[in-house]
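A.B. asks: Kindly produce the complete structure, drawing on both the sequences and the hints.
Number of protein chains: 2
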Amino acid sequence: MQNGQTYLWKGFRPMNERLRKGTSLKDELNNLCESLTPKRYTKGEIIYQAGDLDDSVYFIKTGKVKLAYLDESGRKLTLNILGEGEILGEMSLVGEKRRELMAQALQESRIYSINSARFLNFLEERPWLTLELIALFGQRTREIEHKLEDLVFKDIPTRLSRQLLRLISEHGEETAEGTEIDFKITHKELADLIGSARENTTSALNRLAREGILDKHRYRIIVKDAERLKEKSSP
Amino acid sequence: MQNGQTYLWKGFRPMNERLRKGTSLKDELNNLCESLTPKRYTKGEIIYQAGDLDDSVYFIKTGKVKLAYLDESGRKLTLNILGEGEILGEMSLVGEKRRELMAQALQESRIYSINSARFLNFLEERPWLTLELIALFGQRTREIEHKLEDLVFKDIPTRLSRQLLRLISEHGEETAEGTEIDFKITHKELADLIGSARENTTSALNRLAREGILDKHRYRIIVKDAERLKEKSSP
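Sequence order for the protein chains is A and B. Numbering-wise (our numbering), the first sequence opens with residue 1 and increments by one. Numbering-wise (our numbering), the second sequence opens with residue 236 and increments by one.
It should be emphasised that the hints constitute simulated quantities derived from the structure, not laboratory data. Some hints could be false.
Said to hold, decoys possible - Label pairs and their calculated CB-CB ranges: (1) B:K423 <-> A:N121: 22 to 32 Å; (2) B:R353 <-> A:R218: 51 to 61 Å; (3) A:N30 <-> B:D460: 53 to 63 Å.
Said to hold, decoys possible - Below, in silico cross-link-like pairs of lysine to any residue (SDA-like), each with a Cα-Cα straight-line distance of 25 Å or less: (4) A:K154 <-> B:H381; (5) A:K97 <-> B:E405; (6) A:K230 <-> B:D287; (7) B:K311 <-> B:R445; (8) B:K332 <-> B:P273; (9) B:K389 <-> A:K230.
Yeah, the Cβ is synthetic: ideal placement off N, Cα and C, and Gly gets one too.
C.D. replies: Printed below as a string of C-alpha cells:
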C-alpha cells in the first residue's frame with residue numbers, strides 16, 4: 001500500500017484494490033478523533049457493563065482494555081485484551097443496543113468514544129474502509145473460534161501455552177531476556193483468559209518457569225523461549 | 236422496510252437509512268445467482284475441509300450445511316448449522332485463503348459458489364449491502380461467543396436446552412404437536428453441537444422426553460413445551 005500506512009487489523013490483506021484505494025481505517029480514525037478529547041480511565045475502571053444501553057464505538061488511544069463475559073454467579077471469562085489503536089463496542093454499528101460483554105481498563109487508558117450514527121456517517125463517506133471493517137469482524141470471529149477450540153480440545157497447560165503465544169504476538173515487547181508481555185497481568189487474569197481456575201494456571205506457569213521457557217516476577221511475564229512454547233502449544 | 240423484503244441476518248436492524256436504501260443482500264444474491272447453476276451435494280458430502288485452498292463464498296439455495304471444527308485426533312465440534320438463504324465461506328472475502336473449518340451437507344443440498352473477487356465486485360456496486368454484511372459477521376461472532384459461554388459456564392442439560400432453543404428458532408417448523416426441528420439430527424450431531432459425549436447427550440434428551448418437554452423418534456425432534464425448555468436453559 002502507499003505511504004507505509006498501517007492497518008488496524010492484523011492479518012488484513014487487501015484483496016480488491018478497487019475497494020482499497022484510500023487510507024487505512026486506523027489513520028482515518030486518528031484524523032476523526034483529532035478534534036475529540038479522549039476520556040481517561042483508571043486501572044480497573046469499567047468502560048461498560050453487560051446490559052448497559054450504549055450506542056458508541058470506542059477507539060483506544062493508549063492503554064489496555066479487557067473484554068469479558070461474566071455469568072450470573074460472578075464467574076468470568078476474558079474474551080480478548082485490546083490495546084492502542086484498536087476498536088471495541090463495534091456491535092453498536094449493527095444495531096446491538098445493549099452491551100453483551102463488559103469492558104474494563106486493565107491499566108490507565110485514554111479512549112475516544114464515537115457515537116455509532118457518527119461512525120456510520122464516517123464510513124459512508126469512506127467506502128474504501130468497509131472491507132477493513134469487515135475484516136475486523138472476521139478476525140474477532142476467528143479469535144473466538146480459536147478460544148472455543150482450545151476449551152473443548154486442549155488441556156490447561158496447552159491452553160496456557162497457546163494463550164501466552166497470542167499475548168506476546170499481540171502485546172509483546174522485545175527485551176534482552178526475551179519477549180515481555182507489555183502490561184501487568186495477574187495469574188487470575190490469565191486463568192480467566194483460558195477458562196481455568198487460578199490455582200491450575202499458577203501450577204502450569206510455574207512448570208514453564210522451571211523449564212526455563214519463561215520468567216515471571218511481579219505480574220510481569222517474559223517468554224524466553226518462544227520455540228519451546230510453540231512445541232508445548234501443539235502437543 | 237419497503238416492499239416486505241427479507242433480510243438475511245436475523246437480528247439485523249438497519250440503523251442508518253442512508254446506508255440502507257437498496258434491496259436486501261438475500262434478494263440481491265438471488266438475482267446474482269439466477270444465471271448460475273447450483274452444485275448438488277448428497278447427504279454427508281463434504282463442501283470443503285479445513286486446510287483446503289478455496290476462494291469462494293457459498294450461498295445455500297436449498298438444504299442444510301454443518302460447519303465444524305475437527306481436531307487432530309478426529310474429535311469434532313459443530314459450530315453452526317446453516318440453512319436456505321444463508322452464506323458460508325465468507326472469510327475468503329477478507330483474505331483468508333485456506334479454510335479453517337469443514338463444511339458438510341447434512342442433507343441433500345443445492346449450493347451456489349461465488350468467486351470471492353466476483354463477490355467483492357458485486358458488493359462494490361451495491362454499497363448499501365455493506366452494513367448487512369457487517370451485521371452477518373457480527374452475528375456470527377455473537378453466536379460463537381454464546382457457545383463459548385455455554386461451554387465454560389453451563390452443564391450439559393443446560394447446554395442441550397439452550398441448543399434446542401436455538402435450533403427451533405433457526406430451523407423450527409410449527410406442527411400440531413409443537414415445533415419440530417426441520418431436519419434429521421442424530422444424538423451424535425447434537426453432542427457435537429454442545430461439546431459433549433454422545434451418551435450424556437442421549438441421557439439429557441431422554442430426561443427432557445420423560446418430562447414431556449419434547450418428543451423424539453427416528454432422528455426427529457419436536458419441542459412440545461418451549462416455555463419449560465426456556466426455564467431449563469437458565470437454571
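A.B. asks: Could you run down the list of hints and mark each one as holding or not?
C.D. replies: Hints and how they fare:
A C-beta distance of roughly 49 Å is found between K423 of chain B and N121 of chain A, which places it outside the suggested range of 22 to 32 Å. Taking the beta carbon of each, R353 of chain B and R218 of chain A are about 55 Å apart, inside 51 to 61 Å as hinted. In this structure, N30 of chain A and D460 of chain B meet the distance hint of 53 to 63 Å, their C-beta atoms being roughly 54 Å apart. For the hint linking K154 of chain A to H381 of chain B, the alpha-carbon distance of about 19 Å falls within 25 Å, and the restraint holds.
Annotation: proposed proximity of K97 of chain A to E405 of chain B holds, straight-line Cα distance about 22 Å (limit 25 Å). Pair hint K230 of chain A plus D287 of chain B holds up; C-alpha atoms about 23 Å apart against a cutoff of 25 Å. Between K311 of chain B and R445 of chain B the alpha-carbon distance is near 28 Å, which puts this suggested pair outside the 25 Å criterion. Between K332 of chain B and P273 of chain B the CA atoms are separated by roughly 22 Å; this keeps the pair inside 25 Å, and the hint holds.
Restraint check for K389 of chain B and K230 of chain A: the C-alpha separation of about 31 Å exceeds 25 Å, so the hint is violated.
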